[in-house]
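As a plain string of letters, each chain reads:
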Amino acid sequence: VFGWPAYTRRESAKTGGDRGHRQVPGSSGEDRRLHERLRARELAALGEVYDLYGSVVYGVALKVAGDRSAAEVLTCAVFLDLWHHSERFDPARSQLRPWLAMLAHRRAAESIRLRASTPPPRQQLMADLDRVIDMDEILQSTLRTEEVRAALAALPEDERTAIRLAYFAGRTYRQLAADLDVPEDTIKVRMRAGLRQVAASAHAEAAEEGS
Amino acid sequence: VDHKSASELLGPYALDACDQAETAAIEAHVSGCAACQREVAEIKEASSWLGVFETAIPAEWLRAAILREAATDEPGRVDRRAGVGDRRGSRAGDLRP
Chain A
1421 VFGWPAYTRR ESAKTGGDRG HRQVPGSSGE DRRLHERLRA RELAALGEVY DLYGSVVYGV
1481 ALKVAGDRSA AEVLTCAVFL DLWHHSERFD PARSQLRPWL AMLAHRRAAE SIRLRASTPP
1541 PRQQLMADLD RVIDMDEILQ STLRTEEVRA ALAALPEDER TAIRLAYFAG RTYRQLAADL
1601 DVPEDTIKVR MRAGLRQVAA SAHAEAAEEG S
Chain B
9 VDHKSASELL GPYALDACDQ AETAAIEAHV SGCAACQREV AEIKEASSWL GVFETAIPAE
69 WLRAAILREA ATDEPGRVDR RAGVGDRRGS RAGDLRP
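Protein chains in written order, with the numbering used here: chain A, 1421 to 1631; chain B, 9 to 105.
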């Protein structure tokens, strides 16, 4: 449903899951070194982070915002966030790839809401992009890609649909309740229960693989 | 918002699926509620992975434009929002060369 290949634990065991990724760019070791250089204000490090994750940030922004020009502005805003607020990223708790995807998604979702609610004066879009996002610091990420894929694939259809439409179509839960003709409370529950289930089963799988 | 309403909105919140006013209200509650903080950390971790396969190749000029913006952004620009300290905003003006 997410456009990802079906995934089973057996395949994971065969390929060793995502474990090998920790040793290559995108690993926490690489993230840590890049982060140290960002903290030291080394501009070249920002370029290297862009080379690694620019396509994720731009891809999320493009998917949600729907046009290239908006996605370019959003991508720029995300990388300037990283440049100016690199202290918000904690390499001990999180990985750059999902962290940047999260920033991109939040900015993109905000920008389409703004676009929908008011005529989009460029000034206002810029002011919105200026707003610093405060909740990033509590994000932890010890999970790996394969575990999250598997957990999503195992969700009940209605939960997966609510999550998918919210995330990839940038719909609010209210819009989704209307789109799907179900009560708002039902949508809220599907999103929360689905995400909790993803978190729980991804962690369970991580623990099993790690043992 | 009270704990019940805020916690019921954590799923939508973690998917950026609340409107701005709700988002602000949830964040105000979560910042003072340990239980909600734990849950947000947990489900945000899950949602943060949703987009990692959604890659697209940006135009080549964008890399240089971003580095140029980063290099020329003046230090010392202070965010005026009360209580935010010196967190500076970022500018993303006309990027295209």
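Careful, some of the hints might be misleading.
[Stated by the list, open to error] Listed next, with one range per pair, are the computed distances between beta-carbon atoms: (1) 1573(A) - 80(B): 41 to 49 Å; (2) 9(B) - 1471(A): 35 to 43 Å; (3) 65(B) - 1463(A): 16 to 24 Å.
[To be verified] Partner residues are not named here, just some residues of chain B that face chain A (Cβ under 8 Å, in silico): (4) 9; (5) 57; (6) 78.
Since the hints were made in silico from the structure, they are not lab data. Where is the CB? At the ideal position from N, CA and C, for every residue including glycine.
Q) Measuring from beta carbon to beta carbon, are residue 1573(A) and residue 80(B) in 41 to 49 Å? A) Taking Cβ atoms as reference, residue 1573(A) and residue 80(B) lie about 45 Å apart, which means the hint holds.
Q.
Take the shortest C-beta to C-beta distance between residue 78(B) and chain A; is it under 8 Å?
A. The hint holds - residue 78(B) has a Cβ within 8 Å of chain A, the shortest such distance being about 5 Å.
Q) Any CB of chain A closer than 8 Å to the CB of residue 57(B)? A) Given a least distance of 4 Å, the restraint on residue 57(B) holds.
Q: Hold the hint about residue 9(B) up to the distance rule: shortest CB distance to chain A must be less than 8 Å.
A: With Cβ-Cβ at 13 Å, over 8 Å, it is violated.
Q) Does the Cβ-Cβ separation between residue 9(B) and residue 1471(A) fall within 35 to 43 Å? A) For residue 9(B) and residue 1471(A) the Cβ distance comes to about 42 Å; the hint holds.
Q) Quick one: are residue 65(B) and residue 1463(A) within 16 to 24 Å, going by C-beta? A) 22 Å, holds
Violated hint: 4 only; the structure is consistent with all others.
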